[in-house]
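Asker: Read off the chains here:
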Amino acid sequence: MELTKDAFYISIEIIKLFTIVLVVFSFVPFLVWLERRASAFMQNRFGPNRVGPLGLVQTLADAIKFSFKENFVPEKKKAFFFYLAPILAMIPGIVAFGAIPFASPLELSLWGEERTFFMQGFHFGAALVYVLAISSLATFSTLLAGWSSRNKFSLMGALRAAAQMISYELALGMALVGIVVVYGSLDFSEIISMQRGPLTFTFFSEVYQIYFLPKWGVFYQPLSFLLVLVCIFAESNRMPFDMPEAEAELVSGYHTDYGGLKMLLFYIGEYAHMIVGSALVVTLYFGGYELPYIDSESLSKFFISLNVSFNLTAIFVSLITMLVFFFKVMFFLWFFIWIRWTVPRFKYQQLMDLGWKKILPLAILNTLGTAVLILAFNGV
Amino acid sequence: MGAIILLIATTAFASLLVFITSFLGPKSKRLKNLPYECGVAVEESKGGKTKISLRFYLAALLFIIFDVEILFLFPWALTYKDFVSQGLGWFSFLSMLIFMIFVVLSLIWDLKEGSLDWN
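Respectively, the protein sequence lines represent chains A and B. So for the first sequence, the working numbering puts the first residue at 1; every next one is plus one. So for the second sequence, the working numbering puts the first residue at 1001; every next one is plus one.
Hints in this document: simulated from the structure, not taken from any laboratory. Note that the coordinates shown come from a computational prediction; the quantities given were computed from them, not determined experimentally. Ideal placement from N, C-alpha and C gives every residue a C-beta, glycine not left out. Honestly, I wouldn't trust all of these hints.
Stated by the list, open to error - Below 30 Å or equal to it, Euclidean Cα-Cα: the simulated DSSO-like pairs (lysine-lysine) are:
no., chain 1, residue 1, chain 2, residue 2
1, A, Lys77, B, Lys1032
2, B, Lys1027, A, Lys76
3, A, Lys65, A, Lys78
4, A, Lys77, B, Lys1027
5, B, Lys1081, A, Lys358
6, A, Lys65, B, Lys1029
What the hints assert, rightly or not - Beyond 10 Å from chain B on every Cβ pair, some chain A residues (computed):
no., residue
7, Ser189
8, Pro292
9, Ile320
10, Ile337
Using the sequences and the hints given, assemble the complete structure.
Answerer: Below, the structure written as structure tokens:
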């Protein structure tokens, strides 16, 4: 009996992890479709509309076509790295997403005992630092791709991309210090549970509440939110900052020599990076999986008052919070796409100036300002 | 542990895709496999003397310095509220301020010295 229980719990954990991989992989075609469709409507075109309803299956058809593409085989001594780069491009997005909770923890009573399932790949304390560390690994795949393609355009694209990513990672880290000061925690579940209820400020040990606003991180750290949003755009090499792929100057940047499924892997990596960035912003600044006014505890009380059984209540609440998280993340993914087709590209030196001379000093000021405010008013 | 399983699953799936594409697609001729732009590899063009701006190297060096400084700020940020609630806020704030002054000074020095100018 004990053995079957353990086997059940372990297999649940493993199934969860594989589901995360599959969900991210299969969510990307939908995002690509959304992006192509949206860009078409913004430019008064039709976009993909032939394959399947509304062209939804177009990206799958593309993927099948990609797998039959002629394969570029580089020189032997760099071939290993050439094949390694697209695989490495996949890793940061998906492995970082494992630490982000996408629904409220599921508390089930099984075999007469209560058991909590965390709705995230794995649960541990220093999750914020972990996500930062893992997502910065994307630089390696970019550099490897550019270097092993052996042509000038790829190499320059890769160098640009690497310099841009590390510059903005600094600004991102500095901007996140402010929000860590406010929460005093790096654990996502804790951070989300602190964002329940109405907006609360403490001035000189007296508590003021604003009832019509939720207690979200944006209201405590608006500047930090803006800086983090800009940095995530730059980190995932998206449009106003997609210097590495500037096709007018660099052919196609670091994936000039890549084709077929290998290029698709770079795309999935980029979109996975976007998903992780959006999920991070939602978790830190917009209350994560919690609904604005009704938190998960009052939801489960509501279900129990309807005489729904304990296990079913937990499942319903988890499903609802998962939907909430999905819609919040979708909003930011849509924001990424929206910006891409609205804003023109910067020049490279403007991009680096923005990172080092504007965002980094502003983030330092934000950290100092937060510290001073907390000290002066004795609490946020 | 979970991270390792995710890593293995992702790597396996991505390697499968890379393997499939080299297996299904038609084989290309030798000349097609030369690097882009007339088959001149970057280490062969101009006799191996392709010049790349030193700025990228400087940016990487500065990144390491500042990133370590930010890493030191995270433990401070985690404990700051506890210090404030125990009435030791000034102590924590001043020690961070001294550290921060050095960060800002080095940033100002880099700006003055021009290693952050990309023109």
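Asker: Mind listing which of the numbered hints don't hold for this structure, in increasing order?
Answerer: No hint contradicted; all consistent.
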